[in-house]
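My request is simple: use the sequences and hints to build the entire structure.
So you can see what is in the structure, the chains are spelled out below.
2 protein chains.
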Amino acid sequence: MAEVVRNKQVIFKDYVNGYPTVSDMVVTSDATILLELPEDDGGLILVENLYFSCDPYMRNRMTKAMEGSYIDSFTHGSVPYSGYGVPRILDSSHPNFKKEDLVWGLVNWEEYGLIKDTSSIIKIQHTDVPLFYYRGILILIDFCNALGMPGMTAHVGFHKICSPKKGETMFVSSASGAVGQLAGQFAKLFGCYVVGSVGSQEKVDLLKNKFGFDEAFNYKKEQDLNIALNKYFPNGDIYFENVGGKMLDEVLRNMRLNGCIVVCGMISQYNLAQPESIHKLFLLVMKRIRMEGFIVFDHYHEYPKFIEMILPLIHEGNITYVEDITEGLENAPAALIGLNSGIYVGKQVVAIAH
Amino acid sequence: MAEVVRNKQVIFKDYVNGYPTVSDMVVTSDATILLELPEDDGGLILVENLYFSCDPYMRNRMTKAMEGSYIDSFTHGSVPYSGYGVPRILDSSHPNFKKEDLVWGLVNWEEYGLIKDTSSIIKIQHTDVPLFYYRGILILIDFCNALGMPGMTAHVGFHKICSPKKGETMFVSSASGAVGQLAGQFAKLFGCYVVGSVGSQEKVDLLKNKFGFDEAFNYKKEQDLNIALNKYFPNGDIYFENVGGKMLDEVLRNMRLNGCIVVCGMISQYNLAQPESIHKLFLLVMKRIRMEGFIVFDHYHEYPKFIEMILPLIHEGNITYVEDITEGLENAPAALIGLNSGIYVGKQVVAIAH
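Residue numbers (the numbering used here), protein chains in the order written: chain A, 106 to 459; chain B, 106 to 459.
Check the hints yourself; a few may be wrong.
Pairs of lysine to aspartate or glutamate, EDC-like flavour, derived with a Cα cap of 16 Å [stated by the list, open to error]: (1) A:Lys385 - B:Glu381; (2) A:Lys351 - A:Asp329; (3) A:Lys385 - B:Glu172; (4) A:Lys385 - B:Asp354; (5) B:Lys385 - A:Glu381.
Simulated coverage check for chain A against chain B, where a stretch passes if three residues somewhere in it have a Cβ under 8 Å from a Cβ of chain B [as the list claims (entries may be wrong)]: (6) 365 to 375; (7) 395 to 405.
Note that these hints are calculated values from the structure, not bench results.
A quick note: this is a predicted structure, and the numbers were derived from the prediction, not measured.
Backbone N, C-alpha and C define an ideal beta-carbon position, used for all residues, glycine too.
Now the structure itself:
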């Protein structure tokens, strides 16, 4: 007879204005779940969640009806928070997934869950995973990172949207973050000169010593971003935009003719009631700049090609990844909130079960 | 023996902040010119100017060292103003140009002039000109318009940068202006649904009745641009951007996923000390929008192809053009200043001699 267990969940309480806090979420063990699939369930999958990925885009789901949003806002007060994660399958009536399979995709922030829509999950092929590089269970974190959504985002942004050429210079903001660290490494491997901005000296060192960036600076210590950019990224070719706001205006001033700005995100703006003003957009004309936004969701059909590209890089030790792992579902809200404060170094991951 | 004559000129006095006025230029007849080429002149061309074209980009040349500018600022106080125009050749020692040839290109704002750099002028091939459509001398104005820089700009912006598809919707701001009226007509001929914004009811009527736009509105009469755009351009495909500022923010709100903004100019911003704030750029990500600036200068190598495309359209009466002709070089400063006030309808041209 199947066991009924308490199912710890992170519940989103209400829509947020300004900076979110841990009190916008509540961790509860009120719910219970039967650890067995119902009969005639039509292809349900029962999972135990192992890892959750904390990503900047999630802040936008906490805003009510964000204008033009690419993703639905959370329904407040009734359902668990959700995001990318790695669950293990406990039971499955779906022909393509079986018990003990590991998958990667969109899951609720809870210990156990039922997955109905398998279009949002991808089975992790164990044979693909570079065991010699990531030890034991740690391989799974990869799917919150280089092999998952952030890796695919960095790949699409750099290789597809930028149309880069060898020898070009690229500037990445929020460069030690989940996407930035990979975008920079892809650009280095491609043959670009790469500069990154981050918010601490520790992260500057990380970019230069661990990720192989050519230059890096701490934007919080620069009196004048224009001067800093003019020093590190004069007449630059590609801007991999992760932050928005004032940085964007100053980068526009320092780009070359026919440069490209790939707009991946604008994390500095997500918590502001009114986004910062941009004033230098006429430079798009003066400098014939292409500025293009993209969302990784649109490109998932190319995921197999991406995996083919990145696995050899990981196998050969050419891609590295730094993550900050928070232990325990009860600490997940704090991990998510911390994304905006810059206190974490590298990709933020929550481990629920090992 | 050659005649020495007075040479009326428009001299640019000093760099401008804010809105230029006629007093920023001075019309003088102090200079004289010998109406004969010097011996051993190395390929000089002596011209009499017939028409000048007044174009929004010229305002940017009146600003000292404009950041990232694609064109040199005027040298103040010493040389005549300059821009596109149609001169007739009075004398030439250049093998490719002869007396009585008509040319189109960059000329000084003066009655007579010497052209040294023939890379900036193009000979008008009389056989190409649609005489049956434009009567007599009026054909020359075409070279300030559809066949010249504005026409080429509209062509490059629409056909090359937008990558349009039949059936798409396009919104053009400053739509009765030199470039806007042609961009809209190119889009109609291509099979798009075209909406324009202008600053008066007279111009609205012009767009709908003369240029064949599907819809048009007077932005000065709209309480809320977002509501107007939502009515006329809901979920729009292409924005042909000529004005910048608040209109751009409101257009971003009304574009569809994967839309395109081709940035041709931002005339509403040229006279402001601080450009208006743009706040909605994150919609580039949300809606995966490509926003691309361009400058026609970069595309002049394709001018012969453009002429091949547009001449049949003009021959068949499929392209029309409205211009406002100011008579006399002494009125040229007022004509140029008037560009920003919206008082003129259609393309602004100055006729110096017939």
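Hint by hint, work out which the structure violates, then give me just those numbers in ascending order. none
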